[in-house]
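Asker: Each chain, written out:
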Amino acid sequence: MSAGPHYTLYHPRWYRRRVSVWWWLQKRSYAAFVTREITSVFVAFFAVVTLWQLRALVQGPEAYERFLARLQTPLFLTLNVVALVFVLFHAITWFNLTPKAMVVRVSGKRLPDGLIIGLNYAAWLVLSAAVAFVLLRAA
Amino acid sequence: MPATVALTVARYRPERESEPTFETYEIPFRKDWVVLDALNHVKDRLDGSLSYRWSCRMGVCGSCGMKVNGVPKLTCATFLSDYLPGPIRVEPLDYFPVVRDLVVDITDFVRKLKQVKPWIIREDGTSPPAGEYLQTPDQLDAYKQYSMCINCMLCYSACPIYGLEPSFIGPAAIAMAQRYNMDSRDQGAAERLKILSDHDGIWQCTFVGECTKVCPKHVDPAGAIQQYKLTGATHWMKSLLLPRSAR
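Residue numbers (numbering that gives the first Met the number 0), protein chains in the order written: chain A, 0 to 138; chain B, 0 to 246.
These aren't lab readings, by the way, just hints derived from the structure by calculation.
This one's a predicted model, so the numbers in the text were calculated from it and none came from an experiment.
The beta carbon of each residue, even a glycine, is placed where N, CA and C say it ideally should be.
It is possible that some hints are incorrect.
[To be verified] With a straight-line Cα cutoff of 30 Å, these simulated DSSO-like cross-link-like pairs (lysine-lysine) come out:
{"#": "1", "chain 1": "B", "residue 1": "228", "chain 2": "A", "residue 2": "99"}
{"#": "2", "chain 1": "A", "residue 1": "108", "chain 2": "B", "residue 2": "30"}
{"#": "3", "chain 1": "B", "residue 1": "113", "chain 2": "B", "residue 2": "228"}
{"#": "4", "chain 1": "A", "residue 1": "99", "chain 2": "B", "residue 2": "42"}
{"#": "5", "chain 1": "A", "residue 1": "99", "chain 2": "B", "residue 2": "216"}
{"#": "6", "chain 1": "A", "residue 1": "26", "chain 2": "B", "residue 2": "228"}
{"#": "7", "chain 1": "A", "residue 1": "108", "chain 2": "B", "residue 2": "143"}
{"#": "8", "chain 1": "B", "residue 1": "228", "chain 2": "B", "residue 2": "116"}
{"#": "9", "chain 1": "B", "residue 1": "228", "chain 2": "A", "residue 2": "108"}
{"#": "10", "chain 1": "A", "residue 1": "108", "chain 2": "A", "residue 2": "26"}
{"#": "11", "chain 1": "A", "residue 1": "99", "chain 2": "B", "residue 2": "113"}
{"#": "12", "chain 1": "B", "residue 1": "212", "chain 2": "B", "residue 2": "116"}
{"#": "13", "chain 1": "A", "residue 1": "108", "chain 2": "B", "residue 2": "237"}
{"#": "14", "chain 1": "A", "residue 1": "26", "chain 2": "B", "residue 2": "237"}
{"#": "15", "chain 1": "A", "residue 1": "99", "chain 2": "B", "residue 2": "212"}
{"#": "16", "chain 1": "B", "residue 1": "30", "chain 2": "A", "residue 2": "99"}
{"#": "17", "chain 1": "A", "residue 1": "99", "chain 2": "B", "residue 2": "143"}
{"#": "18", "chain 1": "B", "residue 1": "30", "chain 2": "A", "residue 2": "26"}
{"#": "19", "chain 1": "B", "residue 1": "212", "chain 2": "A", "residue 2": "26"}
{"#": "20", "chain 1": "B", "residue 1": "216", "chain 2": "A", "residue 2": "26"}
{"#": "21", "chain 1": "B", "residue 1": "143", "chain 2": "B", "residue 2": "216"}
{"#": "22", "chain 1": "B", "residue 1": "116", "chain 2": "A", "residue 2": "99"}
{"#": "23", "chain 1": "B", "residue 1": "212", "chain 2": "A", "residue 2": "108"}
[Claimed, not checked] Partner residues aside, some chain A positions facing chain B, computed with beta carbon under 7 Å:
{"#": "24", "residue": "12"}
{"#": "25", "residue": "13"}
{"#": "26", "residue": "14"}
{"#": "27", "residue": "15"}
{"#": "28", "residue": "18"}
{"#": "29", "residue": "21"}
{"#": "30", "residue": "31"}
{"#": "31", "residue": "75"}
{"#": "32", "residue": "99"}
{"#": "33", "residue": "111"}
[What the hints assert, rightly or not] Here are some chain B residues pointing at chain A (derived, C-beta under 7 Å):
{"#": "34", "residue": "96"}
{"#": "35", "residue": "162"}
{"#": "36", "residue": "163"}
{"#": "37", "residue": "165"}
{"#": "38", "residue": "166"}
{"#": "39", "residue": "225"}
Please build the complete structure, drawing on both the sequences and the hints.
Answerer: Here it is, written out as structure tokens:
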């Protein structure tokens with residue numbers, strides 16, 4: 000033998016790929032996830048509007064009239080419609096995810112996911128109906 | 000049925016290249032072949048220098064995880080026939096440093112897995128005094144799903160949070176922690192709570208849910224993390240409201 004075997008020494012010259020800023024556009028599910036995260040801004044928007052409404056209510060009937068008039072401007076109507084769409088997306092996607100976080104066992108058997116989601120929607124309907132009942136009766 | 004299918008494989012030879020390139024091989028198409036068979040064909044017949052990991056070729060060892068057409072898969076369970084007419088693109092798992100071709104460095108995962116203490120912890124630190132600990136089928140059922148994890152790391156490769164925050168302890172490690180937390184023989188939940196509810200634990204997870212989608216063993220790591228968030232939050236509330244003795 001003229002020369003010994005030639006070994007390549009282990010030298011971890013790793014290749015690391017950087018995560019692109021646009022990673023959330025690379026898959027539909029990532030985009031849906033980021034959209035769900037962004038909906039929090041619109042949830043916050045509704046919270047701020049409610050606080051604003053309370054403030055107007057405290058300031059008296061005139062201030063409340065002004066508040067109502069402002070809500071009826073095209074800008075606020077558009078904003079509210081957009082926010083409603085995002086908040087519905089928020090609510091529906093979160094309801095659909097609840098079986099992952101809530102595992103309910105009845106006599107040792109895990110309740111099916113559909114039932115847990117259904118119960119959430121049922122609770123939503125009942126609460127909405129209760130709120131509507133209170134408001135409509137007052138009107 | 001085509002006679003051949005094109006397999007585009009990521010190559011990274013650190014002594015030759017500074018970043019990965021792709022090479023395409025024409026593979027005879029057989030309907031019973033999986034991607035791993037195609038890689039073995041390349042290594043045996045076409046290019047012996049191709050590097051990749053595999054062992055059991057039956058979905059048990061968790062070695063052959065790679066990205067197939069952009070999705071993390073066990074290549075031993077991914078049939079060529081599902082990707083016709085091709086080409087089929089094979090790449091190493093995302094977010095792990097690539098050592099060579101399709102081989103990634105898994106040190107980070109192994110270190111994290113060890114951190115969550117994936118073994119049965121007893122408060123008295125002893126082994127069973129009189130034979131084994133008994134368990135009912137219901138008690139087994141509580142953690143069995145998590146015990147199916149084969150440490151293939153597909154969930155890490157699917158998790159954008161792990162890519163963005165490499166310190167995140169990650170889906171499989173948390174699912175493994177839950178596997179022991181839910182085990183009626185284990186008493187180590189308090190020890191694991193420290194690492195799990197820490198900055199790099201469950202709260203890094205924003206519930207993208209991809210880990211569960213790619214899991215080949217239906218472990219549902221996303222579910223494990225969300226359920227543990229409830230446990231973590233309850234514990235935090237208790238530590239805030241209750242005296243030490245009542246927790």
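Asker: Against this structure, judge whether each hint is valid.
Answerer: Verification of the hints:
Between residue 228(B) and residue 99(A), the direct Cα distance comes to roughly 11 Å. Compliance with the 30 Å bound is thereby established for this hinted pair. In summary, the hint linking residue 108(A) to residue 30(B) is not supported, as the alpha carbons are separated by about 40 Å, beyond the 30 Å threshold. The hinted pair formed by residue 113(B) and residue 228(B) meets the criterion: a straight-line CA distance of about 20 Å does not exceed 30 Å. At most 30 Å may separate the alpha-carbon atoms for a hinted pair to count; residue 99(A) and residue 42(B) exceed this at roughly 42 Å.
A C-alpha spacing of about 16 Å is found between residue 99(A) and residue 216(B), which places the hinted pair at or below 30 Å, so the restraint holds. Distance restraint check for residue 26(A) and residue 228(B): the Cα-Cα separation of roughly 26 Å lies within the 30 Å cut-off, and the hinted pair is therefore satisfied. Taken as a hint, the residue 108(A) and residue 143(B) pair is honoured in the structure, with Cα atoms around 13 Å apart against an allowance of 30 Å. Of the pairs offered as hints, the one joining residue 228(B) and residue 116(B) holds, with about 18 Å between alpha carbons and a cut-off of 30 Å not exceeded.
The suggested pairing of residue 228(B) with residue 108(A) holds, with an alpha-carbon distance near 22 Å, which does not exceed 30 Å. Proposed proximity of residue 108(A) and residue 26(A) is contradicted: the alpha carbons are some 35 Å apart, above 30 Å. For a cut-off of 30 Å, the pair hint linking residue 99(A) to residue 113(B) stands: about 25 Å separates their Cα positions. For the suggested pair residue 212(B) and residue 116(B), the alpha carbons sit about 25 Å apart, so the restraint of at most 30 Å is met.
The suggested pairing of residue 108(A) with residue 237(B) holds, with an alpha-carbon distance near 28 Å, which does not exceed 30 Å. The hinted pair formed by residue 26(A) and residue 237(B) fails the criterion: a straight-line CA distance of about 40 Å is larger than 30 Å. Proposed proximity of residue 99(A) and residue 212(B) is supported: the alpha carbons are some 12 Å apart, at most 30 Å. Between residue 30(B) and residue 99(A) the alpha-carbon distance is near 36 Å, which puts this suggested pair outside the 30 Å criterion.
A C-alpha spacing of about 16 Å is found between residue 99(A) and residue 143(B), which places the hinted pair at or below 30 Å, so the restraint holds. About 29 Å separates the Cα atoms of residue 30(B) and residue 26(A), which keeps this hinted pair within 30 Å; it holds. For the hint pairing residue 212(B) with residue 26(A), the CA-to-CA distance comes to about 13 Å; that is within 30 Å, so the pair holds. The suggested pairing of residue 216(B) with residue 26(A) holds, with an alpha-carbon distance near 22 Å, which does not exceed 30 Å.
Between the alpha carbons of residue 143(B) and residue 216(B) the distance comes to roughly 11 Å, so the proposed pair stays at or under 30 Å and holds. For the suggested pair residue 116(B) and residue 99(A), the alpha carbons sit about 24 Å apart, so the restraint of at most 30 Å is met. A hinted pair counts as satisfied when its Cα atoms are at most 30 Å apart, and residue 212(B) with residue 108(A) qualifies at roughly 23 Å. Given the 7 Å rule on beta carbons, the hint for residue 12(A) holds: about 4 Å separates it from the nearest Cβ of chain B.
Given the 7 Å rule on beta carbons, the hint for residue 13(A) holds: about 3 Å separates it from the nearest Cβ of chain B. Hint on residue 14(A) holds. Least Cβ distance to chain B is approximately 4 Å, under the 7 Å limit. Taking 7 Å as the C-beta cut-off, the interface hint given for residue 15(A) holds, the closest approach to chain B being about 5 Å. Given the 7 Å rule on beta carbons, the hint for residue 18(A) holds: about 4 Å separates it from the nearest Cβ of chain B.
With 7 Å as the threshold, the beta carbon of residue 21(A) stays out of range of chain B, its nearest partner Cβ sitting at about 11 Å, so the hint is violated. Taking 7 Å as the C-beta contact cut-off toward chain B, the hint placing residue 31(A) at the interface is violated, the least distance being around 9 Å. For residue 75(A), the suggested interface contact is broken, since its CB lies about 31 Å from the closest CB of chain B, more than 7 Å. The closest approach between the C-beta of residue 99(A) and any C-beta of chain B is roughly 4 Å, which is under the 7 Å cut-off, so the hint is satisfied.
Because the closest C-beta pair between residue 111(A) and chain B is about 14 Å apart, greater than 7 Å, the hint is violated. Taking 7 Å as the C-beta cut-off, the interface hint given for residue 96(B) holds, the closest approach to chain A being about 3 Å. A least Cβ separation of about 4 Å between residue 162(B) and chain A falls short of the 7 Å threshold, and the interface hint therefore holds. For residue 163(B), the shortest C-beta to C-beta distance to chain A is roughly 6 Å, which falls under 7 Å, so the interface hint holds.
A least Cβ separation of about 10 Å between residue 165(B) and chain A goes past the 7 Å threshold, and the interface hint is therefore violated. The interface hint given for residue 166(B) is violated, since its Cβ lies 14 Å from the closest Cβ of chain A, which is over the 7 Å cut-off. With 7 Å as the threshold, the beta carbon of residue 225(B) comes within range of chain A, its nearest partner Cβ sitting at about 4 Å, so the hint holds.
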